[in-house]
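Start from the sequences, fold in the hints, and give me the full structure.
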Amino acid sequence: MRFVLPLAIFLGLAIMLGLGLQRDPRALPSALLEQPAPAIDRPLLEDPQQILQLQDLRGRAWLLNVWASWCAPCRQELPVLAELSKRDAVAVYGLNYKDQPDKARALLRVAGNPYRASAMDGDGRVGMDFGIQGVPETFVIDGQGRVRYRHVGPVTAEIWRDRLLPVIRSLQ
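Take 1 as the starting number for the sequence shown in the UniProt record's numbering and just add one per residue.
Check each hint, because a few of them may be wrong.
Unchecked claim - Derived pair list, reagent style DMTMM-like, types lysine to aspartate or glutamate, alpha-carbon separation capped at 25 Å:
| id | residue 1 | residue 2 |
| --- | --- | --- |
| 1 | Lys98 | Glu46 |
| 2 | Lys86 | Glu46 |
| 3 | Lys86 | Asp123 |
| 4 | Lys103 | Glu46 |
| 5 | Lys103 | Asp41 |
| 6 | Lys103 | Glu34 |
If you are wondering where the hints come from, they were derived from the structure by calculation, not from laboratory data. Keep in mind it's a predicted model, so treat the numbers as computed, not measured.
Listed below in structure tokens is the structure:
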């Protein structure tokens, strides 16, 4: 009788662990899905006198890629984003997250700049509004400014083909 409670606790924990291991760690839930995207309203990395505003991006689906120069996976995905956005004619905007502007600009000069524009989020407040867990993260935002999909991790050709592009095409 005294072994029943510990056994029940052990079995309960084992079941929860098993269920947790079956989940995709990149499939983090987002409270923003189907909701209006948070305001960005931050200066552009390329021209700090200009501000990236959501109302300027309405009309077509686009991607918001959250990145940083100190992030190795972000550096690896830059050429992929550049190639795929050109090939599939998708607008990609960046949110440079908790980074130093000079280092971010230097990386884009060397690696190539896939972004139509990239806003600076040095204090991370916009990223916090988007629920950023880490970089890189990419959001598909529809023509009305609603978040339609969130991808955690670097964008690869496979992720683009299998996850992002189908969502974008469904919105056009």
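Does Glu46 sit within 25 Å of Lys98, going by the straight-line distance between their CA atoms? holds, 16 Å
Can you confirm whether the C-alpha distance between Lys103 and Glu46 stays at or below 25 Å? holds, 12 Å
Quickly compare the C-alpha distance for Lys103 and Asp41 to 25 Å and report which way the hint goes. Cα-Cα ~21 Å, so holds.
Assess, step by step, whether the Cα of Lys86 is no farther than 25 Å from the Cα of Glu46, and give holds or violated. Roughly 20 Å separates the two Cα atoms, so the pair holds.
Within 25 Å, alpha carbon to alpha carbon, are Lys103 and Glu34? Violated. Lys103 to Glu34 sits at ~34 Å, over the 25 Å cutoff.
Within a Cα-Cα threshold of 25 Å, do Lys86 and Asp123 meet the stated pairing? Judged against 25 Å, a Cα distance of about 30 Å means the pair is violated.
In summary, the structure is inconsistent with hints 3 and 6 from the numbered list given earlier, while agreeing with the others.
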